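Between the sequences and the hints, there should be enough to build the whole structure, so can you do that?
Residue numbers (the working numbering), protein chains in the order written: chain A, -11 to 97; chain B, 1113 to 1206; chain C, 7 to 164.
Don't read these hints as lab results, they were simulated from the structure. Take every hint as true, because none was put in to throw you off.
Below, simulated DSS-like cross-link-like pairs (lysine-lysine); rule was C-alpha separation at most 30 Å, straight line: (1) C:97 - C:87; (2) A:84 - C:84; (3) A:84 - C:104.
Example chain A residues on the side facing chain B (calculated, C-beta under 7 Å, incomplete): (4) 12; (5) 43; (6) 73.
The structure presented is a predicted model; accordingly, all values stated were derived computationally and were not measured. Where a beta carbon is used, it is the ideal one built from N, C-alpha and C, also for glycine.
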Amino acid sequence: MDMFLAIASGICLLLGSFLILTGGIGLIRFPDFFTRMHAAGITDTLATTLILVGLMLLNPGALVVFKLVAILLLILLIGPTASHALAKAAIRSGLKPLVKELKDEEEIK
Amino acid sequence: MITAAIIAIFVVMVLSIIRAIAGPTFYDRILAVNMFGTKTVLMIALLGFAMGRPEFLDIALVYALINFISVIAVLRFSKSIGFQEPENHPEERR
Amino acid sequence: MRQTISLSITLALFWLANSGHYNALLLSLGALSVIFVVYLAYRMDVLDHETQPLMQLTTKLPSYYTWLIKEIILSNIKVVKHVWLGQETIKPALKTIKSNQTTDVGRVIYANSITLTPGTVAIDLNDDEILVHALMQEDIEALDEGEMDRRICRLEKS
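So this is what it looks like as structure tokens:
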């Protein structure tokens, strides 16, 4: 059973690290602010979840698991709120997102 | 595995600092700093496990809160959601 | 009054679970901080029906969130694929979609779920219109079909 838990936590941590790396690379590679925000979104949701679940599976005490759950919930609640505030501020300041279709761009203003 | 995750997070922190320095707009920089903060929370949690001191999780918890508040505070000081917003956008209910 | 009591109980449980030390001094300090936070919430006038939708939402949220987690995993895979394939394959789009929720809580849950799913971000929220930016145009069309909208509408009916 311990063996199984250790393997499961290893897989979770590795997958989470891969997703976090992907998010970081997306942050560098994508062309404009709004697309970069999506790259940051991956690291905020699934990658964080996987890493924290991987730590939970390492079988620490109940108190530690509770704190990990609290951190996870905080990040899952805070992430969208912060990126929504950021996107709203960006679009209010007149930053135009890069869109492929011209007709979509007209809908902004 | 914990070491691998710490290295990955470290690489991503470096990448987001690059974006924070290079970022063409103000908002790119805030996005990068926000991501750096979230990664710091994870880094603290992982380091606590790697060093066998789960008490570090308390610090991670507090850091997550401070990170959020600092991002909102910086946005407040930016031009678009300034403190004077109610006059500029009267249709906005708070 | 009901809200005040439930907030105090929640805060007390949270404090107890986070502390881990149970002697008289620390417990009294914890009780003091709970009272102080409840007083602050009372002063700020944030204790109303919206702050804590007690029974109605709590019992229905788990089934919604299991569906949402499935969506998050699927769209994560999609975004990861596009990150590695490079920026020629993405097709960012911006569109205003309608939300059919009646309460503010429902609308906030909808906008938050859109942002929580990678690939789509809710940018602006007017009365019943949400401005959404997506990495791929299909994502917006999938949102426009309104499966998430319907699920949240079902969530807010009692």
